[in-house]
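Peer 1: Sequence:
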Amino acid sequence: MNNQAPLDDKSKLDTIITDVSEGINDAGNTFPAPSDPVEESNPKQVVRYLLWGLISVVVNLGTFFILYRLMSLNYQLANIVAWFLGVQVGFWVDRVIVFRHKSNTAFQEMLAFYGTRILTYLIEAATLWVGISLLAANGTGSKIVGQILAIIGNFIFSKSFIFKNRAK
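Position 83 of the sequence shown, counting from 1, maps to 83 under full-length UniProt numbering, and the rest follow consecutively.
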């Protein structure tokens, strides 16, 4: 007692599929296509870099403080762990929020980002060494001075090399 007609007729099924496909194709894009990146003024990026960059600085300083002060880890080892975590957070914050960079080369950019951060890490490590080992200064104070130098260098490298909007 089946009242439904069998779908033996392939042309009916093909017609339904074609109609649905055409309806989907005619609907257009749901989301707007990404526009070409707009070159922003430096002051806007600097402000975003400083404000949002505080996240990576807090991660870096917080990790350093926990490892060096609370866990009594060697300051250079504590610094490298803090550096790694801060750089990883910094990459995503800079890429997505600060420079609003869109590309399909995130992994290549991350490698370049780490490469430039190694240079500023060496500057920071040297600042810690001079501050703590040579001048017997406070470790946290030396870390802050090193961070300031690193922040300036990191912005220049990120803006000029890593997240630079290139003509297509």
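Some hints could be false.
BS3-like cross-link-like pairs, simulated, lysine-lysine; straight-line CA separation at most 30 Å [unchecked claim]:
#1 164 to 102
#2 12 to 102
#3 12 to 159
#4 159 to 44
#5 44 to 102
Quick caveat, the hints were computed from the structure, so don't treat them as lab data.
Peer 1: Next, verify each hint and record whether it holds.
Peer 2: Hint by hint, here is what the structure shows:
1. A threshold of 30 Å between alpha carbons decides the hint, and for residue 164 with residue 102 the separation of about 10 Å falls inside it, so the pair holds.
2. For the suggested pair residue 12 and residue 102, the alpha carbons sit about 45 Å apart, so the restraint of at most 30 Å is broken.
3. As the CA atoms of residue 12 and residue 159 are separated by approximately 59 Å, the hinted pair breaks the 30 Å bound.
4. Between residue 159 and residue 44 the CA atoms are separated by roughly 12 Å; this keeps the pair inside 30 Å, and the hint holds.
5. For the given pair, residue 44 sits about 18 Å from residue 102 by alpha-carbon distance, which is consistent with the 30 Å threshold.
Of the numbered hints stated above, those contradicted by the structure are hints 2, 3, listed in ascending order.
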